[in-house]
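Those protein sequence lines, which keep their order, are chains Y and B. Position 9 of the first sequence, counting from 1, maps to 9 under the working numbering, and the rest follow consecutively. Position 22 of the second sequence, counting from 1, maps to 22 under the working numbering, and the rest follow consecutively.
Check the hints yourself; a few may be wrong.
Simulated crosslink set (SDA-like; lysine to any residue; CA at most 25 Å straight-line) [what the hints assert, rightly or not]: (1) B/K83 to Y/D179; (2) B/K83 to Y/M145; (3) B/K83 to Y/D213; (4) B/K83 to Y/I199; (5) B/K83 to Y/S183; (6) Y/K189 to B/G112; (7) Y/K189 to B/S81.
For the record, the hints were derived by calculation from the structure and aren't laboratory data.
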Amino acid sequence: MRKYVPKDNVQKKSYYTDRFWVAPRVPQSDVEEGSHFASVVDALGDRVLCAYISLGQLIVTIKHQDNYSTLETLKDECGYKVCTELSAVDYLAQDGEFEIFYQMLNLDDALRVRVVCRIPDGEAIETTVPLFKSANFAEREMYDMFGIKINNHPFHKRIIMPDDWEGHPLLKTYPLQGDEFASWYEVDKIFGKEYRDVIGPENRDASRIDRYDTKRFSRVGYEVDFDADISKGESKTPIEYSQTVLVDYTTGTEQLDERR
Amino acid sequence: MAQHKVDFASNAGLPIALTSVDKLLNWGRSNSLWPLTYGLACCAIEMMASGGSRYDFDRMGTIFRASPRQSDVMILAGTLSKKHSEFARRLYDQMTEPKWVISMGSCANTGGMFNTYATVQGVDRIVPVDIYLPGCAPRPETLQYALMMLQKKIRSESANMNNNKKQDLRLI
Ligand code: SF4
Numbered sequence: 001m002r003k004y005v006p007k008d009n010v011q012k013k014s015y016y017t018d019r020f021w022v023a024p025r026v027p028q029s030d031v032e033e034g035s036h037f038a039s040v041v042d043a044l045g046d047r048v049l050c051a052y053i054s055l056g057q058l059i060v061t062i063k064h065q066d067n068y069s070t071l072e073t074l075k076d077e078c079g080y081k082v083c084t085e086l087s088a089v090d091y092l093a094q095d096g097e098f099e100i101f102y103q104m105l106n107l108d109d110a111l112r113v114r115v116v117c118r119i120p121d122g123e124a125i126e127t128t129v130p131l132f133k134s135a136n137f138a139e140r141e142m143y144d145m146f147g148i149k150i151n152n153h154p155f156h157k158r159i160i161m162p163d164d165w166e167g168h169p170l171l172k173t174y175p176l177q178g179d180e181f182a183s184w185y186e187v188d189k190i191f192g193k194e195y196r197d198v199i200g201p202e203n204r205d206a207s208r209i210d211r212y213d214t215k216r217f218s219r220v221g222y223e224v225d226f227d228a229d230i231s232k233g234e235s236k237t238p239i240e241y242s243q244t245v246l247v248d249y250t251t252g253t254e255q256l257d258e259r260r
Numbered sequence: 001m002a003q004h005k006v007d008f009a010s011n012a013g014l015p016i017a018l019t020s021v022d023k024l025l026n027w028g029r030s031n032s033l034w035p036l037t038y039g040l041a042c043c044a045i046e047m048m049a050s051g052g053s054r055y056d057f058d059r060m061g062t063i064f065r066a067s068p069r070q071s072d073v074m075i076l077a078g079t080l081s082k083k084h085s086e087f088a089r090r091l092y093d094q095m096t097e098p099k100w101v102i103s104m105g106s107c108a109n110t111g112g113m114f115n116t117y118a119t120v121q122g123v124d125r126i127v128p129v130d131i132y133l134p135g136c137a138p139r140p141e142t143l144q145y146a147l148m149m150l151q152k153k154i155r156s157e158s159a160n161m162n163n164n165k166k167q168d169l170r171l172i
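This is chain Y alone, in the form it adopts within the complex:
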C-alpha cells in the first residue's frame, strides 16, 4: 500500500521535489606537492587554516585578523599583484558570521587564488587599501551593502546607496521591495515627512491582478456588474463573437459582389 502523506497545506509547499536530486558541488582536490600553489601555501605558513584546489584556483581559508598580512605575502612574495574582487557573503542566519573573500590574480602565471575568511557579526575588518587601490571602492561597497565596518579605510563612506540611507540592502534580512524608510525615501527627502499623507500609501505593484476585484478586472465569459461581489463565484455568460465575412480575393470577387 502507498505511504500516507498528509494532503492539507499541500498547495503552499513546493509541488514537485525530485527524490533523487543531489545538490551539485564543484569538485575539490588537494594541493599537489611541488606545484606553484603548494609554494603559495608554504609562503603563507601557519596562517592557512585550510587550503584546496577548486576549478584550477587555490582557495585558502584564514582567520580574519590575518587578512592584511596574508594579502601582503601574496602580493610581495607570490606575485599576486591584482586584487580583482573582494566582497562578503551573508551567513548570519546560518552561522552568525559573514564570509569575506578576496579574489587575487597573478598576471605572470595567469593563476588565481581566493582568500576566504569568516568574520562574526559586528566586528570590523582591517583595510587592504594600502596594498591594492582596487580595494578602496570594493570595501566601501562591502560596507554599504552588508554593514561590515573597515578599520583604517581612507574614505569610509557609503558608495552606492545615498549617504543618509538606513539599512544595508544585500543582507538576506533586507526586504527586496524595501522597508518603510526605503519606500518613502524620496518623498521624505524632497517634500518632508508630512507629504506622506498627501501622496498616500503607494501602490507598489501596479501590475498586480486581483481575481476578485470587479472594479478593475473582468473575466472573459464571466462578466458581472461593476463592483459586484464574486467571492462566492460567478455565473458564466455566453460569449458572442461578431460575425466576420472572409473574402477570398484570389479566386474571384463573386463573394464580394454577393455581399454588396
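Could you slot chain B with the ligand onto chain Y? The hints should help.
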C-alpha cells in the same frame, strides 16, 4: 440668468481678446518645445534616436536643450533611482514656467520591472506628470506621438498658467 451674460460692448470685448491671446501664446508654446537633455536609462537611447536625424524631432519645433534654465519640457526617460530622485526634482525646479513633464517608459511610469527598494515607483511621486508614455522602451514614433499629445494639451490650456488646474498639483 441674465447677470451671467457678458456685455461685450461695456467691457470692450476683453474676453474675446483674451481667448485670442491664449490661442496665440499656446500656438507659440506648443510649436516650440525645448525638452531637457535628460536621459536616465535605456529609454534615453530611444529619446536620443528621436532627436537624431532619422526620426527628426526638429520638424515639430522640438530641439533638445542641455540646460534646465532654457527648457520647458522634461522627458523623464528611464529608471529613476531613489538616490537620483532629489536631483531630478531639483532640475525640474530649475526649469522656468511654463513647464511640462513627459514620463517615458514603464520604469518612469510605475517603476516597471524594478519593483525594488532602490527605484522610485513612478516619477509622479516627485514631479507632476502631463503625459504618461507606456512601453519598454517606447519607440521613437511613440515619443513623437506623446509630444504631439502634449502639444494638443498645451493648445487647450489657458495661457495664464495660474488658471490651469494643474497648478495645484504642481506642488505635489
Ligand atoms: S522602461 Fe524599459 S527601456 Fe525604459 S528605462 Fe525601463 S527598462 Fe529601460
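**Prompt:** Out of the numbered hints, which ones does the structure contradict?
**Reply:** When the structure is compared with the hints, only number 3 turns out to be violated.
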